Structures are given as structure tokens and as C-alpha cells.
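Enquirer: Residues per chain are reported as follows:
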Amino acid sequence: MRAALQLSEAGLKTAVLSKVFPTRSHTVAAQGGVSASLGNSEEDHWTWHMYDTVKGSDWLGDQDAIEFMCREAPKVVTELEHYGMPFDRNADGTIYQRPFGGHMSNFGEKPVRRACAAADRTGHAMLHALYQRNVRANTHFFVEWMALDLIRDADGNVQGVIAMEMETSEIVVFQAKATLFATGGAGRIYASSTNAFINTGDGLGMAARAGIPLEDMEFWQFHPTGVAGAGVLITEGVRGEGGILRNSAGERFMERYAPNAKDLASRDVVSRAMVTEINEGRGCGPNKDHVLLDITHLDPEVIMSKLPGIREISIKFAGVDPIKAPIPVVPTCHYQMGGIPTNYHGEVVVDGKPVNGFYAAGECACASVHGANRLGTNSLLDLLVFGKSSANSMIDFIKAQPLELPELATADVERSVARVERLNKQTNGVAVNDARTAMQRTMQAHCGVFRFKDMLAEGVEKILEVEKMVQQTEISDKSSVFNMARIEALELENLIEVAKATMISANARTESRGAHVRDDAPDTPETPNGRDDANWLKHTLWSRDGNRLQYKPVNLQPLTVDTIALKTRSY
Amino acid sequence: MTAYDPIELKRIRWRSRRGLLELDLVLERFFAQRFDSLSPAEIDAYKRILDLPDTDFLDVVNGKADLDDPEEAAIIEILRAV
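Chains as they are written, first to last, in the working numbering: chain U, 1 to 571; chain V, 1001 to 1082.
No wet-lab data here; the hints were simulated from the structure.
Hints are not guaranteed to be accurate.
In silico contact screen, one side only, chain U against chain V (beta carbon under 7 Å); selected entries [what the hints assert, rightly or not]:
1) R24
2) S25
3) H26
4) A29
5) Y96
6) F100
7) H124
8) T194
9) A196
10) I198
11) G231
12) V481
13) M484
Part of the chain U face toward chain V, derived, beta carbon under 8 Å [to be verified]:
14) T23
15) N195
16) V232
17) V320
18) Y335
Derived Cβ-Cβ restraints for the label pairs, each shown as a range [unchecked claim]:
19) A1073(V) <-> K567(U): 49 to 59 Å
20) A261(U) <-> K1047(V): 49 to 59 Å
21) D92(U) <-> P1040(V): 50 to 60 Å
22) A249(U) <-> K1047(V): 48 to 58 Å
23) D545(U) <-> D1056(V): 44 to 54 Å
24) P1040(V) <-> T410(U): 11 to 21 Å
25) E421(U) <-> D1036(V): 27 to 37 Å
26) E241(U) <-> A1073(V): 31 to 41 Å
27) E421(U) <-> P1040(V): 32 to 42 Å
28) Q426(U) <-> D1005(V): 22 to 32 Å
29) A1073(V) <-> P308(U): 15 to 25 Å
30) D1005(V) <-> E241(U): 42 to 52 Å
31) D1036(V) <-> A261(U): 48 to 58 Å
Computed from a predicted structure; not experimentally measured.
The C-beta atom is built at its ideal place from N, Cα and C for all residues, glycine as well.
Same shape as in the complex, but just chain U (with noise of 0.2 Å):
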């Protein structure tokens, strides 16, 4: 929306294409900020911010679109202020500031307040603040309708995209000068996941399916605690009011991982532990896939008293009361680093030279600014900064083609059409629900939070068997009016693409860096925690094709500052 705003304000006739009503995407779950270095409350600067994103990303985070990110965070979150977002204030007028985990001063000395907020609902407002906005700028909106393939034409240049509206499934071209995807991440491929329904990746297996290859995609932000079988986050601060964990055999496991801090141990120490119970074969429930959080031992009036939430989302989520009875928990997928390769500019770029007419912005791209790692609250910072960046590459892009729309190449529209006609005829085909199922056990069990050489192996065999159900899925639906069934299908087709790509990403990927840790990278000096430079320090890109992986060097060349050197991650 932020890149529709900049279009529909140059004039120019923008079209925006939604499955759901625009502000009930899954921006409106971010609660925490957007960072910029404004220093309403004490000094900070841009080059910090810089700092902190490098360090956070594992140094795999490109330096020129950190740096551009970081010094056009104030102006954006500015004009958003002008825009009518409600942030907090200070008593002064200006924008209040609070701190966020990573983000420090001076260099990683002491944490900084940086994130601007509107109370526990920044994603939200910033969505209203850009919907009412580009309704006044007469940005025309097509709700309900679902992006099925990209149109490119025999050079590779971009024309378009083919959709299908829900009401009716009709299907129609949408020929346009130029087309940006911003169509958010894809967690869905795991089992638990914090990510709504609506998360499919769908503009990720569009580019896929277009041979637009997928850059880093072994890099996912996990959660310790999530609710097992919902996805619903338990707040870290149950096990500060003493919650243990326990494996199926009722052990508190961490007294043997962490001695000292046990259940208190850092996040990464405690998925770890969590994850090699469960793969040890000391995983609870039926299919011994999450372990037990346990607060039944804590005084019930403390637990009414400090954690009345926790109490809700288990009844709710978990159909467990804390008070009498363990809450099922799995590290949970939150949030994709990874996505479709862009340079700063919002071009998509594949073989170092953009693709005419694509563009790719927010969480389905990859420009690289979190790398191996994101820092909170970047992300809404990514949306604003590369939304607008993309849409000034769009506008002279557009000034630059003749006036007339070029003949429309068809064999994409073809395939797309056949795609659908395949789903809609399928016979004795696989269930939608069980290959999707299928497919999220698997890249919990295989590709999660932490990772075993032996467990990836085996997970890009059966991914790619995966892959072959939901070639034959078959619907029993085939009515044409907001049939579910048939978009939940072509969804599907969507995830298997970003699932497909994590798992043969992961397994290529030899060493431990940021949110991507592997059980077989040692830590020695020249590997601090498992991160080896020497032979790492690259982009993966993954195509479709094959399965073919390439890689790419970091750009560790800012635009205007020097180059923030290689350092051990620590905090």
C-alpha cells in the first residue's frame, strides 16, 4: 500500500490486488514498532541503527540496502506522521520512543529507544493510515481476488499478472507497465507457525514458477514457546515466574542443557533442547512431536494474578487450564527472512541485472536488510522504505516505456489456465488438507529451529515426495462461487514452492549463522558458533528448475560509510 500511495500520487493508474480486504492483511499483527533514529528521547543516529542491523543479520544482510534502509527510516516514518498515523507522543509533541531488543547505541554499548509505536497496534494503524490515504489518491482496489501466475514474455520482461476473482473464479489478465509483489511470507509451511491463514507465500510461487529464483530462504525467525497445534505464542515470561519444561517422561529436561540457568537459559539454548528431546524420541502427545510447559506446581493466585493471559490463550488454544495440567509447546515459526531477490531499489534482480517491470517489496522480498536475522521492528521499516523505493523505480521505469501496452505474450497465461483446469479435473487425487499436512510435519521435524545434518537429508527427500501429492490434489468442490476449496489448493502449490527451497537451502547450507543452526557446525575459533565465513559468507539462490542452487556474495560495501567489518555475533 505504501508503493500503491506513491504510484497513485504520481498520477499514474495503480491497481491493487487483495485476497482479503486490505487492512485485515497480517501487517495488522505487528504490535511492537517501526525504528528510526529520530532521537526524540536520547541521541542516537542512523550509522547506529546501520550497526545493529548488520550485527543482527550475522553480517549476511547486504550493507548498501542497510544503509539505505536505516538513513530513510526517519523520512518515511515522518511522512507516515503526515500521513495521520496516531504514534505515541511525548509530552513535547514529538514522536515517544521505547527500546527494542538489538537495537543500541553508539555501536552495540546500551540499548537505545528507537521504536515508534501506536500504542500495541502499529501495524494496524499504519494499515488504516495508507488505506484512507490511497482511497483519497483514487488507487482502484480489487478485493478478493487471488495473483495466480506472473506474465513474462519471451526476453523475460515482466507484463503483468493473471488472477482469478474469488466471487465468481473468473480469471483475467492484468496487463500492467510494471507489477510489484507485496505479498508477506510464507509461514504456513510449518506446522506451528504465529503466521495467519492468509501467509502462503503466494507471490514467492508465483516468481518460482515465473524462474525467478528464491534468495536465502533457509533463514526463518522461530518462537521457543508456541502453543503446539496453533501457533499461538506463550510469553517467555511464564518461565520467569517459574515454568519448567518437561518431556514426555515428566523430566525437566534443561537441568540437564543448561545447569545453571535452566528453564531461564536464552531462547536459542532452550529450542535447541526442546527440539533434540522431540527428535530423541521424548516428544509428548500422540505423535511425540512438542514437549510440556508446566506451571502446575505455582500457586494458583499467582498464576490468576501474573499470567491471566496465558491462562486464556491455553483454555482457549491449547483446551488445557494451566492450573491443573502441562501446556503443550513447540518452537514456532514467525517470520521469513528470505524471499524474492531484490537490490535496494525494489527491482527484482536475478544474474545481477533487474528484471524489467518486477518488483518485489516487504516480507516476500529479500533486498537483503535482515540477512540471517531480523531485528523487530525492521520489518515494518522494510515495508515503508522499500514500498516507496519500489515505487520511485516503478514511475521512471513507466516514464520510460511507450505509451501503448506491448502485444501480451500468452504461453505464461497458458500454463496458468492449465494449472487450474489440472486442479478442477484431478481424480483420485490427494486431499488438500493431508498433503498440506504433509507437508508442515515435515518441515517442523526436518527443518526447524535447529537443524541435523541427517534430519535435512532425509527432509529433502520427502518434501520432494510431498511435492508429488500436491501435483495430484483433487477438490470435490467445483462450484465457482468463493470456493474455497479451489484457492486453499492453489495456495498450496504456493507453500510446497517456499518449502521446497527452505529445506534444499538448509540443507546446503554447512554452517551455523543467525536463525539458521545446525547441530554439525562446530564452534572453533575460526567458526565462532558455528559461522564460517571463509566458505559462507554468500546468498543462496534457489531455483525452481531442478532444484539448482547458486550463490551470490554479500555486499558488504555500504553506499556513503565505511564497511562494518566482521565480528563475532554476541550481546
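Go by the hints and put chain V onto chain U.
Expert: Quick look at chain V alone, frame taken from chain U:
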């Protein structure tokens, strides 16, 4: 089952896909357990609730806020219970 317009019912089902996971989970259960036994008037009330922004909708489902309209409040009671 009611004589509700079947096309409208399918539209309502899709519009129950939301931006927040918690709502997706609650509404999925609501459809599995309760939606088919609603009266047309109750479905109308549910449709009005769907127009709420996700954050407000979740607050109401979580009991942090209430709706004034008695028909809508009755649907919310069902959502709180599923």
C-alpha cells in the same frame, strides 16, 4: 439449515479469514461446531461483526471489550465459548 443465500454463506466463510492467527483459529472452530445451526438473523449479526477491524474483533472475543448490540453480543458469547 436456514434459507440463507448460499452464495452469501460462502462469501462469509471467506471473509472469516483474518489478519490475526488467533481469530483464524477461533473462527475455524466456530464454523466446524456452530455456524450451521445459526438462524438467518444470527448470521446477519455475525456478518456485521466481520466488519470490525481485526484488533477490535480480537479484543471482543478475548473479553477485553463488549458489543452493545444484543444480537452481536450473543454471537460473541458463542465465539468466546468455542
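Enquirer: Each hint: holds or not?
Expert: Hint-by-hint comparison with the structure:
At about 4 Å, the closest approach between the beta carbon of R24(U) and any beta carbon in chain V falls short of 7 Å, and the interface hint on this residue holds. For S25(U), the suggested interface contact is upheld, since its CB lies about 5 Å from the closest CB of chain V, less than 7 Å. The closest approach between the C-beta of H26(U) and any C-beta of chain V is roughly 5 Å, which is under the 7 Å cut-off, so the hint is satisfied. For the restraint placing A29(U) at the interface with chain V, the shortest Cβ-Cβ distance is roughly 5 Å, inside the 7 Å limit, so the hint holds.
The interface hint given for Y96(U) is violated, since its Cβ lies 19 Å from the closest Cβ of chain V, which is over the 7 Å cut-off. Against a cut-off of 7 Å between C-beta atoms, the interface hint on F100(U) is violated, since the closest Cβ of chain V lies about 20 Å away. Of the supplied interface hints, the one on H124(U) holds, with its beta-carbon coming within about 5 Å of a beta-carbon of chain V, less than 7 Å. Residue-level restraint check for T194(U) holds (minimum Cβ-Cβ distance to chain V is 6 Å; threshold 7 Å).
Against a cut-off of 7 Å between C-beta atoms, the interface hint on A196(U) holds, since the closest Cβ of chain V lies about 5 Å away. Proximity of I198(U) to chain V holds as hinted, the smallest CB-CB distance being about 6 Å (cut-off 7 Å). Proximity of G231(U) to chain V holds as hinted, the smallest CB-CB distance being about 6 Å (cut-off 7 Å). The interface hint given for V481(U) is met, as the beta carbon of that residue sits about 5 Å from the closest beta carbon of chain V, less than 7 Å.
The beta carbon of M484(U) is positioned within 7 Å of a beta carbon in chain V (closest approach about 6 Å), and the interface hint is therefore held. Checking T23(U) against chain V by beta carbon gives a least distance of about 7 Å; that is within 8 Å, so the hint holds. Look at N195(U): its Cβ gets to within about 6 Å of chain V, closer than 8 Å, so that hint holds up. For the restraint placing V232(U) at the interface with chain V, the shortest Cβ-Cβ distance is roughly 6 Å, inside the 8 Å limit, so the hint holds.
The beta carbon of V320(U) is not positioned within 8 Å of any beta carbon in chain V (closest approach about 15 Å), and the interface hint is therefore violated. Because the beta carbon of Y335(U) sits about 13 Å from the nearest beta carbon in chain V, more than 8 Å, this interface hint is broken. For the hinted restraint 49 to 59 Å between A1073(V) and K567(U), the CB-CB distance of approximately 57 Å keeps it satisfied. Range check, A261(U) to K1047(V): about 51 Å between beta-carbon atoms, so the 49 to 59 Å window is met.
At about 55 Å, the beta-carbon gap between D92(U) and P1040(V) stays in the expected band of 50 to 60 Å. A beta carbon spacing of about 50 Å between A249(U) and K1047(V) agrees with the range 48 to 58 Å that was offered as a hint. At about 46 Å, the beta-carbon gap between D545(U) and D1056(V) stays in the expected band of 44 to 54 Å. The hinted window of 11 to 21 Å between P1040(V) and T410(U) is violated, with their beta carbons roughly 46 Å apart.
For E421(U) and D1036(V), the Cβ-Cβ distance of about 32 Å falls inside the hinted range of 27 to 37 Å, so the restraint holds. With their beta carbons about 34 Å apart, E241(U) and A1073(V) fall inside the hinted range of 31 to 41 Å. With their beta carbons about 37 Å apart, E421(U) and P1040(V) fall inside the hinted range of 32 to 42 Å. For Q426(U) and D1005(V), the Cβ-Cβ distance of about 29 Å falls inside the hinted range of 22 to 32 Å, so the restraint holds.
For the hinted restraint 15 to 25 Å between A1073(V) and P308(U), the CB-CB distance of approximately 22 Å keeps it satisfied. The hint said 42 to 52 Å for the Cβ distance between D1005(V) and E241(U), and at roughly 50 Å that hint holds. About 50 Å separates the C-beta atoms of D1036(V) and A261(U), a value consistent with the hinted range of 48 to 58 Å.
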